[in-house]
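Visitor: Chains as they are written, first to last, in UniProt numbering: chain A, 1 to 221; chain B, 1 to 241.
Keep in mind that the hints were calculated from the coordinates and are not lab data. Hints may be right or wrong, so weigh each one.
[Said to hold, decoys possible] Label-pair distances were calculated between CB atoms; the ranges are: (1) V107(A) / W80(B): 25 to 35 Å; (2) T117(B) / V131(A): 32 to 42 Å; (3) P42(B) / F28(A): 53 to 63 Å.
[To be verified] Selected chain A positions facing chain B (in silico; Cβ < 8 Å): (4) F176; (5) A214; (6) Q218; (7) M220.
Cβ coordinates follow ideal geometry from the N, Cα and C atoms, glycine included.
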Amino acid sequence: MNGFMLVVRRDLRLSFRQGIDSFMVVTFFVLAVVLFPFGVGPEPNILARIAAGVIWVAALLSAMLSLERLFLADYEDGSLELLALSPGVLEVTVLAKITAHWLTTGVPLIVAAPVLAVLLHMNGDGFWILVVALSIGTPSLSLIGSVGAALILGSRRGGVLLSLLILPLYVPLLIFGVSAVDSAIAGFPFSAQLYVLGALLLGALALCPWAAAAALRQAME
Amino acid sequence: MHRFANPTRFLRLSDVILPWSAALTAILMTVGLYGAFFIAPPDYQQGESVRIMYVHVPSAWMGLFCYTSLAIASGVALIWKHPLADVAARATAPIGAAFTFLSLVTGSLWGKPMWGTWWVWDARLTSMLILFFLYLGYMALAGAFDDRARGEKASAILALVGFVNVPIIKFSVDWWNTLHQPASVFRMGGPTIAWSMLWPLLVMGAAFTAYYVWVLLLRMRAELMANKIRILRMKRIQSHG
Numbered sequence: 001m002n003g004f005m006l007v008v009r010r011d012l013r014l015s016f017r018q019g020i021d022s023f024m025v026v027t028f029f030v031l032a033v034v035l036f037p038f039g040v041g042p043e044p045n046i047l048a049r050i051a052a053g054v055i056w057v058a059a060l061l062s063a064m065l066s067l068e069r070l071f072l073a074d075y076e077d078g079s080l081e082l083l084a085l086s087p088g089v090l091e092v093t094v095l096a097k098i099t100a101h102w103l104t105t106g107v108p109l110i111v112a113a114p115v116l117a118v119l120l121h122m123n124g125d126g127f128w129i130l131v132v133a134l135s136i137g138t139p140s141l142s143l144i145g146s147v148g149a150a151l152i153l154g155s156r157r158g159g160v161l162l163s164l165l166i167l168p169l170y171v172p173l174l175i176f177g178v179s180a181v182d183s184a185i186a187g188f189p190f191s192a193q194l195y196v197l198g199a200l201l202l203g204a205l206a207l208c209p210w211a212a213a214a215a216l217r218q219a220m221e
Numbered sequence: 001m002h003r004f005a006n007p008t009r010f011l012r013l014s015d016v017i018l019p020w021s022a023a024l025t026a027i028l029m030t031v032g033l034y035g036a037f038f039i040a041p042p043d044y045q046q047g048e049s050v051r052i053m054y055v056h057v058p059s060a061w062m063g064l065f066c067y068t069s070l071a072i073a074s075g076v077a078l079i080w081k082h083p084l085a086d087v088a089a090r091a092t093a094p095i096g097a098a099f100t101f102l103s104l105v106t107g108s109l110w111g112k113p114m115w116g117t118w119w120v121w122d123a124r125l126t127s128m129l130i131l132f133f134l135y136l137g138y139m140a141l142a143g144a145f146d147d148r149a150r151g152e153k154a155s156a157i158l159a160l161v162g163f164v165n166v167p168i169i170k171f172s173v174d175w176w177n178t179l180h181q182p183a184s185v186f187r188m189g190g191p192t193i194a195w196s197m198l199w200p201l202l203v204m205g206a207a208f209t210a211y212y213v214w215v216l217l218l219r220m221r222a223e224l225m226a227n228k229i230r231i232l233r234m235k236r237i238q239s240h241g
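Make a model of the complete structure from these sequences and hints.
Guide: Written out as structure tokens, the structure reads:
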């Protein structure tokens, strides 16, 4: 547990000192969403209809954009091997890095989402559910993405490859995340979708650190 | 299981199976296609275009079957380090991708006259499309490393992660939207389609499976030979200094 906190603190400190990663992710998120009114036109009712989907898709893409860096810097300067050799369990270290990734990219996305929802004229009923669904969904994005980030270490064209590996696996999160918000706006019950998102999170929490650690081990052989 | 890990023994065994599987494919395909085109009656609603089903349904089955084989081979390769399992997984992926693609194309051809559109965002179509992307991701990852062994291991992990995810994707997409007819062959209480239409379908399914075995063995042999050639070249370069 001590090792877990140390890795989280180290990654958070690195990210704050560099300061650019979280900022870039949120900027990309906002820009990607802001492009949609230019693309589909400024009619409020159309924007309100697609708001939940656009925000979720943009969140998926911006999470993916930042995932390439999750292990890459550590892999290149060799500190990943030191982390693997340290007495702690590699799975716990991976989970710590995922936690730090979520804190630096997932949380800013959750904070930015309601502002974007206002820009897209989303119905006020959906705001809270959007925030709740993103809060349950974005950790899963980091967890599933960590497997892809570990798999592409040392490959050619890692970034493009990552999108091909990860985006198909993100589909369930997107479906239930958007569906929760849309149901809330339409006045239907939405707890089922949130439960499913929670189940996906628990499943990802149980499996992804192992898969990512296995991928890291074979990358360092 | 490691009895068959020896590539030479595998090559000898595949020498025996290869002509049989090729012959079986030819016979079953002939019988199945004849049954599908000339014996099976046209559907009372869909007319003659129902015959696309005899290619569409088996290729969709095979798309899923190949992914299962891919995941099992990857698991065997990771757990027991079975040398042929890697080769089998690598050889399965393009075949499975081709079957999945075939089922998407034939489904689209059938959808145009039946549903009046080439493509609908229906649950089954969408989950097959995602399965196709999973195959593409697997193949891209397997080929993305300078060191082949790394590509094999990385893609094996991806295949297993994808295998856990396929039922989740299927279930979530089912929930999302659906237009496709429900399962009518493998279901509780027996099939709901007439025997005259069912038997060509089953024969075609068997033919596709035989074809898969045949092409898989061909691809695995080619892969093993390519490895041999690579080793021979390396040896020659080394001996020439």
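Visitor: Against each hint, give a clear statement of whether it holds in the structure.
Guide: Do the hints match the structure? See the list:
1. V107(A) / W80(B): 25 to 35 Å: 42 Å Cβ-Cβ, so the 25 to 35 Å window is violated.
2. T117(B) / V131(A): 32 to 42 Å: 37 Å, holds
3. P42(B) / F28(A): 53 to 63 Å: 54 Å, holds
4. F176: 6 Å, holds
5. A214: Nearest chain B Cβ about 6 Å off; hint holds.
6. Q218: OK, holds: Q218(A) within 8 Å of chain B, min 4 Å.
7. M220: 10 Å, violated
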